[in-house]
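As a plain string of letters, each chain reads:
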Amino acid sequence: MLVDFGVIKRAQKGDSAAFNEIVQVYRKRIMGTITRLIARPEDVEDVAQEVFLRLYFSLDQLRTAEVFEPWLYRLTVNAAYDYLRKARRRQEYRMSDLSEQQVMMADAVAGGKAEQDERQQKQVREAVDSLLGAVSEADRILLMLKEVEGLSLKELEKVYKVNENALKVRLFRARQRVLKAFGAEKKDGPANTGELR
Amino acid sequence: MVPMHGGANRKEEDLDVLFQAYRAACPDRDPSVNFMPGLWQRIEARQRFTFSFRRMVSGFVTAAAAATLALGMYMAIPHTPRAYPVSYVDALADANSLENPDTVGPVQMELSGPGR
Numbered sequence: 001m002l003v004d005f006g007v008i009k010r011a012q013k014g015d016s017a018a019f020n021e022i023v024q025v026y027r028k029r030i031m032g033t034i035t036r037l038i039a040r041p042e043d044v045e046d047v048a049q050e051v052f053l054r055l056y057f058s059l060d061q062l063r064t065a066e067v068f069e070p071w072l073y074r075l076t077v078n079a080a081y082d083y084l085r086k087a088r089r090r091q092e093y094r095m096s097d098l099s100e101q102q103v104m105m106a107d108a109v110a111g112g113k114a115e116q117d118e119r120q121q122k123q124v125r126e127a128v129d130s131l132l133g134a135v136s137e138a139d140r141i142l143l144m145l146k147e148v149e150g151l152s153l154k155e156l157e158k159v160y161k162v163n164e165n166a167l168k169v170r171l172f173r174a175r176q177r178v179l180k181a182f183g184a185e186k187k188d189g190p191a192n193t194g195e196l197r
Numbered sequence: 198m199v200p201m202h203g204g205a206n207r208k209e210e211d212l213d214v215l216f217q218a219y220r221a222a223c224p225d226r227d228p229s230v231n232f233m234p235g236l237w238q239r240i241e242a243r244q245r246f247t248f249s250f251r252r253m254v255s256g257f258v259t260a261a262a263a264a265t266l267a268l269g270m271y272m273a274i275p276h277t278p279r280a281y282p283v284s285y286v287d288a289l290a291d292a293n294s295l296e297n298p299d300t301v302g303p304v305q306m307e308l309s310g311p312g313r
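Protein sequence lines correspond, in order, to chains A and B. Taken in order, the first sequence gives residues 1 to 197; the numbers are from this note's numbering. Taken in order, the second sequence gives residues 198 to 313; the numbers are from this note's numbering.
Since the hints were made in silico from the structure, they are not lab data. For every residue, glycine included, the Cβ atom is placed at its ideal position computed from N, Cα and C. Some clues are possibly wrong.
As a list, the in silico PhoX-like pairs of lysine-lysine whose alpha-carbon atoms are at most 25 Å apart [unchecked claim]:
1. A:Lys158 to A:Lys122
2. A:Lys122 to B:Lys208
3. A:Lys146 to B:Lys208
Not the full set, but computed from the structure, chain B residues with beta-carbon under 7 Å of chain A [what the hints assert, rightly or not]:
4. Lys208
5. Ala222
6. Val258
Could you put the whole structure together from the sequences, leaning on the hints where they help?
Shown next, in the form of structure tokens:
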């Protein structure tokens with residue numbers, strides 16, 4: 001655990017400095033996780049704030065130190081899931097929605113290695129996003145936590161509060177669906193995923 | 198480059214490589230300078246909302262308790278029945294006198310109209 005349980009205890013009693021300390025220790029990691037879960041960089045900070053807002057108002061329910069991190073992951077997963085559900089209802093992100101500044105920045109990076117790297121990373125992100133379109137938002141998050149975040153089944157068990165076997169079954173099915181989509185994508189457009197790494 | 202192989206195992210491996218590449222393509226990022234002020238603004242807004250909601254609920258509860266108490270007190274006060282000087286039958290007889298009946302008597306029908 002990255003913070004002492006004493007700090008959490010102080011935050012539970014309403015100490016804002018202690019709460020700030022918790023946020024500062026975990027925010028980078030949480031934002032990274034959210035970035036990978038929702039794949040919308042422009043909304044990551046907003047979702048991260050929502051996670052810490054939920055943490056602030058539910059901190060008094062925490063009893064033991066060892067459940068803090070799984071619990072924070074749980075809040076993150078729930079916030080990401082809520083975001084993805086809302087995002088599905090919203091119109092898709094379009095080029096016309098970009099601000100003038102963003103378009104200028106996009107133009108500015110055109111040319112050079114940075115642009116090449118960025119283009120490759122963008123390809124990877126798009127490829128994974130497209131593959132994960134084959135599963136539900138809930139399964140997308142589960143797969144991300146397991147395959148990308150690297151959480152173990154034991155850790156996932158604590159996050160989801162379901163037994164390991166149920167998680168294994170769900171993960172297996174989700175992975176099979178993604179593999180099927182992966183196979184189809186490779187057949188249809190190898191250029192999409194063939195230039196990775 | 199990710200090698201594209203045939204076979205289920207190769208496909209599994211390729212998918213794992215893709216997930217790892219995704220991890221690298223979306224690194225942990227630093228929050229903006231507005232992160233903490235924005236967070237505290239949201240916390241305070243939620244606190245204000247919760248406070249005013251609680252105050253409103255407590256106002257409703259107080260009003261409901263006061264109304265219940267008032268109604269209870271009203272119901273508890275013994276009400277004496279109004280004393281009537283005459284009986285119901287006498288009052289009815291006075292109201293519908295037989296000397297001036299308003300509904301008794303044959304019905305008059307005008308059969309010879311202007312068109313007949």
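Taking the hints in turn, this is what the structure says about them:
no. : hint                 : in the structure
1   : A:Lys158 to A:Lys122 : violated (33 Å)
2   : A:Lys122 to B:Lys208 : holds (21 Å)
3   : A:Lys146 to B:Lys208 : holds (18 Å)
4   : Lys208               : holds (6 Å)
5   : Ala222               : holds (4 Å)
6   : Val258               : violated (23 Å)
Checked against the numbered hints given earlier, the structure breaks hints 1, 6 and satisfies all the rest.
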